[in-house]
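Visitor: Listed below are the residues making up each chain.
Number of protein chains: 2
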Amino acid sequence: MRDVAKLAGVSHQTVSRVINDHPNVRTETRERVLAAMRSLNYRRNLAARTLATRESRTLGIIGFETTLFGPESMLYGIESAARAAGYLVSVATVRELAHHPVLEAVDRLAQHDVDGIIAIAPKPAVTTALTHAPAGLACVAVGGSGSGVEPFPTVRVDNVTGARLATQHLLDLGHATVHHAAGPPDWPEAQARVDGWRETLYAAGAVVPAISPGWWDAAAGYEQGRRLAADPSVTAIFAANDRIALGVLRALHESGRRVPDDVSVVGFDDMPDSGYFMPPLTTVHQDFAEMGRRALALLLHHMARADGADPPPNVLVAPDLVLRASTAPRFD
Amino acid sequence: MRDVAKLAGVSHQTVSRVINDHPNVRTETRERVLAAMRSLNYRRNLAARTLATRESRTLGIIGFETTLFGPESMLYGIESAARAAGYLVSVATVRELAHHPVLEAVDRLAQHDVDGIIAIAPKPAVTTALTHAPAGLACVAVGGSGSGVEPFPTVRVDNVTGARLATQHLLDLGHATVHHAAGPPDWPEAQARVDGWRETLYAAGAVVPAISPGWWDAAAGYEQGRRLAADPSVTAIFAANDRIALGVLRALHESGRRVPDDVSVVGFDDMPDSGYFMPPLTTVHQDFAEMGRRALALLLHHMARADGADPPPNVLVAPDLVLRASTAPRFD
DNA sequence: TTCGTGAGTGTTACCGTTCTCAACGTGATC
DNA sequence: GATCACGTTGAGAACGGTAACACTCACGAA
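Protein chains in written order, with UniProt numbering: chain A, 1 to 332; chain B, 1 to 332.
To be clear, the hints were calculated from the coordinates, so they are not data collected in a lab. Where is the CB? At the ideal position from N, CA and C, for every residue including glycine. Careful: at least some of the hints might be erroneous.
Here are a few chain A residues that face chain B, going by a calculated C-beta distance under 7 angstroms [to be verified]:
#1 7
#2 47
#3 50
#4 222
#5 243
#6 247
#7 250
Each pair of labels, with its calculated beta carbon distance range [said to hold, decoys possible]:
#8 253/B - 316/A: 49 to 55 angstroms
#9 185/B - 11/A: 55 to 61 angstroms
#10 199/B - 199/A: 56 to 62 angstroms
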């Protein structure tokens, strides 16, 4: 910077003003400085800037160290939006969604002076850990099923509505009731899907079948599917996500139950290839990239008014049903 | 830091020595400093450290802004290894695998003083762009099918061997020849799989069927599958990846060709749920997380000996065949 | 004429580290 | 007993920016 100043015949401060688009610089001077910067191929040193301003133009993301579809796709939504806003994105992953590992991740990001944090927070442990983040560090939680009283903004998909959509769709097709291949019971999102499903059945006066705990992958779905396939009265299944649905589909196939002729199946997520399952899966679509963008917008807004006393907004993203070929009417 | 020094009754320099594990500090002094640090809850300011040392303890990753399975999983391998080595990971994604966007990403990372870059480089444009990175910035490319003369280390899976494994497996089962549902022709990895496939057929004296250009997803696989299903002589198909295989599977099913009874199918990647396709997919497994770790190790090594005149290592990871239920013997 | 005002610019201090080098024991060596 | 090496410590100057403030000048109002 000193060299640029010398070459342009101005003080380093004027150079600083130019790079920061300060208004009070004569056009002619600005041009001279810009020319000097170009000819010296000058790039501002962000570390020095960070040191002086305590602002790094870097955002932190806390993710879960497992290849779950949702979180992955959100990363890209966040990153591209962050780039547009002039921020770089750093990621810290946690091996386990527990208090301590998350705190550690926050600490690591804080040491690197991130200006704000977006946490993929599917379990409450993450959210509570986040409340212990250093004061003044803006946080946004995305995912999970918040209590509504978080001290920071959240973005979530409306899982209850999504589950309701799926269940009602099956009911409308004439199924007496709908069985559920659930996710892990200690994940609020899985629980919210159970709730939406149960409520809908209850409202329709349908029997509410028992559920058993699962996980998010096809292996778990397969187990659930075997259990359900063993029961000849099962004609409709709502799976907690598409991967589970894949396992269910296979279990049904193995026991000779045709989909959708004998049993209808609905998933959740609308993963890229679920339209090519056998049969193509009817599912509840959620736009993860969009959620990432929303989270980022919220974070930037939160950072801008750090002392904002207004209650933190809780964005609820509406999912919608994608009709494909895994569901069919039932006439009994 | 000044406060810590004052509390411990030493100079700031001694505090610095303590945090950097400098040997020449009396044990008693060190203890006193550590105690002071603890009681003041001191954290070193990394921005200041970066400014002084030109070392940020941050690594950059250049990724492709699309949810392809491979790159995703690598990120986690890289991140957790980086964390263990005391580095934070920043990501810069590119919307398009072309020269200019990649250079822009490099620039963005360089501005933030990353100590090194790992680029997910499935296409040569990324690699060549990388050669224009600022001198002294260590780079590692992972993926693609390098020319072998890159000025920096690379990590790649041995696609040719993988394809050979798949093709030979089908040949060994008694199939007269093997058809290929190819990926995008301008991706070296897809091309290498074509090469391995073709070589194997050639070596076995089998007919080499024509291929048509595709993409990496199930939709493209479905198209390929329809084309292949129309030809009654097709009894074995090697798909360039698992998602393509999924589409192929469905196309075959739709045209009444049973898998594996009528047609055998092999995939590539071993995605998490491919064991639950219908039927469970025999595929070529590659360990993306491990590749990420290897890439990181290479990068750290490369950074340590920045002036290393020794030729950059090109790590080739061996894939292996996972046998499941989508292939069967053929007796003609 | 005098003064205030605001645009344009420069001066100096400061952000929190590490680096360089000098200084101060202390014990071993001659 | 002087010298020397070495372990231990401290003082001051970087590192490359930004913030705060002072200064100059031109212009319009009193």
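Visitor: If a hint holds in the structure, say so; if it doesn't, say that too.
Guide: How the hints compare with the structure:
1. Given the 7 angstroms rule on beta carbons, the hint for residue 7/A is violated: about 21 angstroms separates it from the nearest Cβ of chain B.
2. The beta carbon of residue 47/A comes within 4 angstroms of a beta carbon in chain B, closer than 7 angstroms, and the hint placing it at the interface holds.
3. At its closest, the beta carbon of residue 50/A sits 4 angstroms from a beta carbon of chain B; the interface hint therefore holds under the 7 angstroms criterion.
4. For residue 222/A, the shortest C-beta to C-beta distance to chain B is roughly 6 angstroms, which falls under 7 angstroms, so the interface hint holds.
5. Taken as an interface hint, residue 243/A checks out: its beta carbon lies about 6 angstroms from the nearest beta carbon of chain B, inside 7 angstroms.
6. Hint on residue 247/A holds. Least Cβ distance to chain B is approximately 5 angstroms, under the 7 angstroms limit.
7. With a least beta-carbon distance of about 5 angstroms to chain B, the hint placing residue 250/A at the interface is held under the 7 angstroms criterion.
8. The given range of 49 to 55 angstroms is broken by residue 253/B and residue 316/A, whose C-beta atoms sit roughly 39 angstroms from each other.
9. Distance hint check for residue 185/B and residue 11/A: the Cβ-Cβ separation is about 57 angstroms, which falls inside the suggested range of 55 to 61 angstroms.
10. For the pair residue 199/B and residue 199/A, the supplied restraint of 56 to 62 angstroms holds, since their beta-carbon distance comes to about 59 angstroms.
The structure is inconsistent with the numbered hints 1 and 8, although it conforms to all the rest.
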